[in-house]
Amino acid sequence: MQLFLRIIKTSWQGFWRNGWLSLVAIFIMVQVLLLVGIFLSLNVGVGQAIRAINNQIDLAVFFKEYVPAADITNFQARIENIENVKSVEFISQEQALARYIANSQHNRDLIEAIDSDASFFPASLEVKVTHPDSLEQVIQQIKSQDTNNIVATTSWEKNQAVVDKLRKINKLLALGNVVISLILLIVALLIIFNTIRITIFTRKEEIEIMKLVGATDWYIRWPFVLEGVLYGFLGALLAFGLTILMYQGVVWFLGSSYWSWQSVSKTIGDFGLMFALRLLGFQIFFGILVGSLSSYLATRRYLRI
Amino acid sequence: MIQFNRVTKHYGTVRALDGAVFSILPREFVSLVGPSGAGKSTIIKLLTCEEYPTFGQVTIDGKDVHLLKKAYIPYYRRQIGVVYQDFKLLQNKTVFENVAFALEVTGASDEVIKTETTKMLDLVGLKSKAKSFPHELSGGEAQRVAIARALVLHPRLLIADEPTGNLDPQNAWDIAQLLVKINRMGTTVILATHNREIVDSIGKRVISMKNGKIISDRRHGKYRLN
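From first to last, the protein sequence lines are chains A and B.
Mapped onto the working numbering, the consecutive letters of the first sequence carry residue numbers 1 to 305.
Mapped onto the working numbering, the consecutive letters of the second sequence carry residue numbers 1 to 226.
Heads up, a few of these hints could be off.
Computed Cβ-Cβ distance ranges for the label pairs, DEER-style [stated by the list, open to error]:
#1 A:16 x B:119: 30 to 36 Å
#2 B:25 x A:8: 40 to 46 Å
#3 B:185 x A:205: 49 to 55 Å
#4 B:213 x A:23: 51 to 57 Å
#5 B:112 x A:8: 18 to 24 Å
#6 B:52 x A:23: 38 to 44 Å
#7 A:16 x B:213: 48 to 54 Å
#8 A:277 x B:118: 51 to 57 Å
Anything over 12 Å on all C-beta distances counts as not near chain A; from chain B, calculated [stated by the list, open to error]:
#9 13
#10 54
#11 130
#12 133
#13 187
#14 194
#15 210
#16 218
#17 219
I should point out that these hints are in silico values taken from the structure, not numbers from a laboratory.
Ideal Cβ positions, reconstructed from N, Cα and C, are used throughout, including at glycine.
Could you put the whole structure together from the sequences, leaning on the hints where they help?
Structure (structure tokens):
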């Protein structure tokens, strides 16, 4: 117990007495962890975008031209019975035209081009679903109900092109993340290892004397390893804070939010609390691992007396 | 207690120690003399397990020191106090902390550290300087701190490697007297030096070395090279 407390005390002293070097070590740690954090958040950001696109737009089913009204009514009735469908509204060609005119008030040319001809617009059903995640499944069911082959296309298919692209980007990001994380891990290990080696080099004599007095290797090494853990831990906390702030900054830049503590917690909410915790956990784990491992390796060569 | 059995140590092609044979009894005071490069430091490094012999064995109480497991070496070193020419004090620690340091690594309680450290500083006559830092001390005082640190674990063997090398004659003489006093209190002392006056004034066993070889071993010897 005495030994344990003494080791803790020694590592704390080492941390403060080498103020500048500690600062450098933490700074480098923050940089690396921040990069990893940014990549992970980008992943989440794109994932969010995909979900948003799928969710925000309600589903529209467009019919082919000259479909008999009875078929549409029949079709509508069947769709209303599909699970997870909240409501179905029929939009006739005339209603679609009226909407178009209403939406294009600022641009007379667009209205004139149509020349009040409702046949430019397909009739459609606007479907609202109870749960956004069930959208894809609802689409499948709607298509299977289309026995008379009256559906021309759906809004989902149009969006799908964008979503597919986003998915590809996300996959690429995920892969890039792994590769970049690995490279960063190695770079971080080397840089931090070197930084810690310098701090230890300045205390070479101390180690030598400790050895000659009969200190065990672990008694000498623990304070350094704990110092490394401290670098990693503090670095991770700072990096996590900065990741959140940067995400916040991007959100603010895009104009969809404004700065406040509420919005910070909202950012974490956007991330998902689980993801935020996992990111924090990952950064702490990574930081501590790199910090302690570097210290362990760096002390090794001075302990060979 | 200590036995060197035809110990040879090579550094590359250099023979630092060549077939050394001698033994040291408990409570003995042995001066190890000879010019630089004679092999004195090699003998000391072999005793502290900083170096391993190329041939031969070094035994203490019949046990081969160099067969000790690596993990056991720290505990072995606690039984040997070593004093160096350059003192090897920690500059950012006070006199008291420098001595206490040797006890701290063993996991002694704070009380034991306080009483033992104070006792040792008293023995070397530096109680009043407990709060000074090494750079505030004279060479002689610094060496006393080093001796106090070496003794605070109550070692059976005290090794002094050129302890007077950086000291003026008066301080050197004082340190020599302190070593004799420590020996009289029951600790085996090995003093490596090339200070003729010191060795002659002590008047105890002298082992003379040259080029890695022992050239004479006399019970009440004087410093001699031929």
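Report task. Check each numbered hint from earlier against the structure, then list the numbers of those it violates in ascending order. Result -> Those not satisfied come down to hint 3.
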